[in-house]
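Work the whole structure out from these sequences, hints included.
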Amino acid sequence: MEISIKYQKENVILHISGSILGDDRLQLSDKIEELVDSGGKNVVLNLQDVDLMDSVGLGMLVALRASLMRREVRLLLSNVDRSVRSLLLITKLNNVFDLYDTEDEALADLDSVDRDRSMI
Amino acid sequence: MEQTVAQVIRLDVPSSLRWVHTLHAVITEILSQLALDEELSDQINLAVIEAGTNAIKHGNQENPDKRAYFEFILQPDRFTVVIQDQGPGFDRERVPDPMQPENLFKSSGRGLFLIESCMDDVTYEKSGTLIRMVKKLT
Numbered sequence: 836m837e838i839s840i841k842y843q844k845e846n847v848i849l850h851i852s853g854s855i856l857g858d859d860r861l862q863l864s865d866k867i868e869e870l871v872d873s874g875g876k877n878v879v880l881n882l883q884d885v886d887l888m889d890s891v892g893l894g895m896l897v898a899l900r901a902s903l904m905r906r907e908v909r910l911l912l913s914n915v916d917r918s919v920r921s922l923l924l925i926t927k928l929n930n931v932f933d934l935y936d937t938e939d940e941a942l943a944d945l946d947s948v949d950r951d952r953s954m955i
Numbered sequence: 035m036e037q038t039v040a041q042v043i044r045l046d047v048p049s050s051l052r053w054v055h056t057l058h059a060v061i062t063e064i065l066s067q068l069a070l071d072e073e074l075s076d077q078i079n080l081a082v083i084e085a086g087t088n089a090i091k092h093g094n095q096e097n098p099d100k101r102a103y104f105e106f107i108l109q110p111d112r113f114t115v116v117i118q119d120q121g122p123g124f125d126r127e128r129v130p131d132p133m134q135p136e137n138l139f140k141s142s143g144r145g146l147f148l149i150e151s152c153m154d155d156v157t158y159e160k161s162g163t164l165i166r167m168v169k170k171l172t
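Which chain is which? The protein sequence lines are A and B, in order.
Just add 835 to the spot in the first sequence (first one is 1) and you have our numbering.
Just add 34 to the spot in the second sequence (first one is 1) and you have our numbering.
Keep in mind the hints are simulated off the structure, nothing from the lab.
Some hints could be false.
As the list claims (entries may be wrong) - Straight-line C-alpha distance at most 30 Å; calculated DSSO-like pairs for lysine-lysine:
id: 1; chain 1: B; residue 1: Lys-100; chain 2: B; residue 2: Lys-169
id: 2; chain 1: B; residue 1: Lys-140; chain 2: A; residue 2: Lys-876
id: 3; chain 1: B; residue 1: Lys-100; chain 2: A; residue 2: Lys-927
Below is the structure:
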């Protein structure tokens, strides 16, 4: 598994490639927690190049989502590939995660939420 | 020439989750030889990874002195995978259903459900230390 990171405003975008299996979960969740500790307000995971994720990786995402929510940080998934999408569907977690077809759509949603908040 | 006799590939790995990537590479290579459609390959791949992880993590408790054994049996109409660990076994009936509302947000417990969703036939033998799973190819 390889992780590349970029920033857009206070949002952190992680592009994951390869497979998320076994102990990869530790590397990924530690990295995300570290980025949020450093000030990331929202996290977008671009999963376009993830060819396989197992239940351990999926469980990590479930736990991470809950942990970030407690810190008022959103976790968004974009570009979810066929195999990961199928995994989410089988486990009925497709309606639990915020899924976007593209990274831009995820970021646009974050922008719109920011705009709504500034109008209140 | 059409393949009529079962071809068997065996692998055994030490009980560490870092070998799951090796297992993934091996099963991916075997499946590529079968030229299956992507969905079928994904399902078999995931089931093998889940069952392998279970054998290493839950069966052998990641004990480096124990090994997980894999047998891939290729036949024209089916792909069979047999995985055995050296742990104490388990009772499938006592594993909670991860699709129940109270379990939906748990961070673990989906492995067996995924295996059974991905494969056509799954049996647990030898007190749960051996899992045999079959995917029909026709």
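Structure-based check of all given hints:
With a C-alpha separation of about 28 Å, the suggested pair Lys-100/B and Lys-169/B falls inside the 30 Å cut-off, and the hint holds. Restraint check for Lys-140/B and Lys-876/A: satisfied, since their Cα atoms lie roughly 24 Å apart, inside the 30 Å limit. For the hint linking Lys-100/B to Lys-927/A, the alpha-carbon distance of about 35 Å lies beyond 30 Å, and the restraint is violated.
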